[in-house]
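> Chains as they are written, first to last, in the numbering used here: chain A, 170 to 359; chain B, 170 to 359; chain C, 170 to 359; chain D, 170 to 359.
These are computed hints drawn from the structure, not numbers from a lab. You can trust all of the hints, since none of them are fake.
Copies of the same chain are indistinguishable here, so a pair counts whether it falls within one copy or spans any two.
With a Cα cut of at most 20 Å, we get these calculated EDC-like pairs of lysine to aspartate or glutamate:
hint	residue 1	residue 2
1	K202	E279
2	K315	D227
3	K217	D325
4	K202	E275
5	K333	D284
6	K231	D325
7	K231	D284
8	K323	E209
9	K317	D227
10	K315	E327
11	K217	E239
12	K317	E219
13	K330	E279
14	K270	D331
Since this is a predicted model, take the numbers as computed values, not measurements.
There are 4 protein chains.
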Amino acid sequence: MMYNDTTLKMKIRILEVSMIEKYKEENRMNDAKRYDVVVERLALRGAKLEDMAQITLDLQIKYLPSLTFELCLEHVQKVVMKREVQNAVLTGLELDELTEKGLISEPLAEMLSSDYGLYGIDEVLALAIVNVYGSIGFTNFGYVDKTKPGIIGKLDAEGKKDGKCNTFLDDIVGAISAAAASSIAHRFAK
Amino acid sequence: MMYNDTTLKMKIRILEVSMIEKYKEENRMNDAKRYDVVVERLALRGAKLEDMAQITLDLQIKYLPSLTFELCLEHVQKVVMKREVQNAVLTGLELDELTEKGLISEPLAEMLSSDYGLYGIDEVLALAIVNVYGSIGFTNFGYVDKTKPGIIGKLDAEGKKDGKCNTFLDDIVGAISAAAASSIAHRFAK
Amino acid sequence: MMYNDTTLKMKIRILEVSMIEKYKEENRMNDAKRYDVVVERLALRGAKLEDMAQITLDLQIKYLPSLTFELCLEHVQKVVMKREVQNAVLTGLELDELTEKGLISEPLAEMLSSDYGLYGIDEVLALAIVNVYGSIGFTNFGYVDKTKPGIIGKLDAEGKKDGKCNTFLDDIVGAISAAAASSIAHRFAK
Amino acid sequence: MMYNDTTLKMKIRILEVSMIEKYKEENRMNDAKRYDVVVERLALRGAKLEDMAQITLDLQIKYLPSLTFELCLEHVQKVVMKREVQNAVLTGLELDELTEKGLISEPLAEMLSSDYGLYGIDEVLALAIVNVYGSIGFTNFGYVDKTKPGIIGKLDAEGKKDGKCNTFLDDIVGAISAAAASSIAHRFAK
Chain A
170 MMYNDTTLKM KIRILEVSMI EKYKEENRMN DAKRYDVVVE RLALRGAKLE
220 DMAQITLDLQ IKYLPSLTFE LCLEHVQKVV MKREVQNAVL TGLELDELTE
270 KGLISEPLAE MLSSDYGLYG IDEVLALAIV NVYGSIGFTN FGYVDKTKPG
320 IIGKLDAEGK KDGKCNTFLD DIVGAISAAA ASSIAHRFAK
Chain B
170 MMYNDTTLKM KIRILEVSMI EKYKEENRMN DAKRYDVVVE RLALRGAKLE
220 DMAQITLDLQ IKYLPSLTFE LCLEHVQKVV MKREVQNAVL TGLELDELTE
270 KGLISEPLAE MLSSDYGLYG IDEVLALAIV NVYGSIGFTN FGYVDKTKPG
320 IIGKLDAEGK KDGKCNTFLD DIVGAISAAA ASSIAHRFAK
Chain C
170 MMYNDTTLKM KIRILEVSMI EKYKEENRMN DAKRYDVVVE RLALRGAKLE
220 DMAQITLDLQ IKYLPSLTFE LCLEHVQKVV MKREVQNAVL TGLELDELTE
270 KGLISEPLAE MLSSDYGLYG IDEVLALAIV NVYGSIGFTN FGYVDKTKPG
320 IIGKLDAEGK KDGKCNTFLD DIVGAISAAA ASSIAHRFAK
Chain D
170 MMYNDTTLKM KIRILEVSMI EKYKEENRMN DAKRYDVVVE RLALRGAKLE
220 DMAQITLDLQ IKYLPSLTFE LCLEHVQKVV MKREVQNAVL TGLELDELTE
270 KGLISEPLAE MLSSDYGLYG IDEVLALAIV NVYGSIGFTN FGYVDKTKPG
320 IIGKLDAEGK KDGKCNTFLD DIVGAISAAA ASSIAHRFAK
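With the hints as extra help, turn the sequences into a complete structure.
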């Protein structure tokens, strides 16, 4: 039997739609619409996905010597596609920004603007992000939250300036980087 | 040997101080100063500790038939003394109030004002509260969050009105009640 | 231009492979090999995926009146495909079975065989399962863990018999059912 | 008025009992009976409380230059007094020991004996331990789990030997040390 272009295209299109449907269903925890908003909000606060991909690369390169920056960036993007992650990011950034604008009431304002060590809710949101790729990410999150590599250290220092608040942002950046590292570990699971 | 009043009082005072010191140290996760602020903030939003004590009583009475309202109230107070709980409450209430004032940006504002079912960060904060008395509280939290007894149902309904937002408040109230139930269970552990 | 069967099949195959590759990558947290082992282990302990699908259906039918048993079963299967879930199930069931065989040492054996209310580690594993679809599942888990519908009640009762231990199993079943409910909620997100 | 020895002793005893009662109540999450069992079990596996106190000291000394080893040990002891911690420790050690004895079935046995990186349940139990002093401990746990200072590195290396399994033990030791660091941070809260 022979097919012309139209028949072929139609057959392929049907296959494509069913595949995409399956793929989309699998991705039902994703929210592509909000993805752009979240990426932009993070960038406006000084945290680009590329900065997080670099942290992810540094975390995983010793386990996967052939790992590339591009693959890390892809996994950071996947993490930020998750609805749970987006909600944690939007909530944390909102609190940082409202603190800078002086719209948070006391005694919370004082805790947020000073990045009070016993506050803990920034870590709680970070855990919600890390959890998206399971419990193996806790370790990487704790490690980068302590050692503050790359952009995390920069954001932490910036947050100490007058009028600036990065209390949630630095934990969010660490959590996304750690979740991407977990995602890569699952991807190359033996 | 005989003691006069002064000697006795001094000896008792020394004992008392050392005991209080020990007690206080044990309570180092508490923050008495902020306790009053938190109780007042909850009351201003319509949630009195007594309302939570009633939910706690209803949860535990079948396991402890001799349980009283007063004991439940005492345990609710102990939960609210914990720093981790206070921080979760202050953060959640702030987000509810800022939503009502129209100070939250989109797309978070829409999720908070509509108590969007897939938001999840309200549950994340609730878990941080419940965790204070260990994992046995998860069950009670989930149960009251679903069945919405007493004040929880009232707050949930009120939150649906125009201009009102109780997205975090109803979970917080459920979490404090559940944590107090755990606290009682630990207290009467066999 | 015209294509013959072979060309068409080849073109479609190339598309298919790339789609499957994408799909697989997305599913890198899944472990299909262990899926069969986990399903069989659960069934041997008296918990079939169909029993969990029924609980999921009962939980979600009021939000989605057109929900079917088949769709619930499909989501239960997806939950059990996740590596994190499989590991929690295998660990919990092992502890139940070793308790029955008298291979657990004291004082843990006594806590497990009596399903001690303050043990808590069964809830900790359940949370790890629920977390796979985010924090919105906590509520459903707590609710079914308390109300013990269908197979959960049966397993709980059976676990109280001499020589039987279902301390982890009933929480695992509740957690998988609750996670499947979350998965459905994400799938039909507005 | 004058008191004799007996009156004094009685008066002091009454005060003491009421104080201890209050203290005990506050400590209702503790379990002193099991404390000795847990300490012994940890020691038999090669992990002494002193080893954990040393990790805690190294974690906190930069924030509290006057911190002593003795105070760290005291806080490690307090962490191990908590029921939730004891249950996590007893469960984890049991799984390590049963793995060594060849009593765990496949495919769990293989994951436990090889300390499989994507297993994750060891981290889940560790989190339950860390949570006892709130979310601020996540960071310290992740850090020591990654850098493996002192006894953690030793246990990790030992666990790689044939017939040995420390899959849970090294996470437990890290979690207790991190929780003790949190406890100290709360104690010296400003």
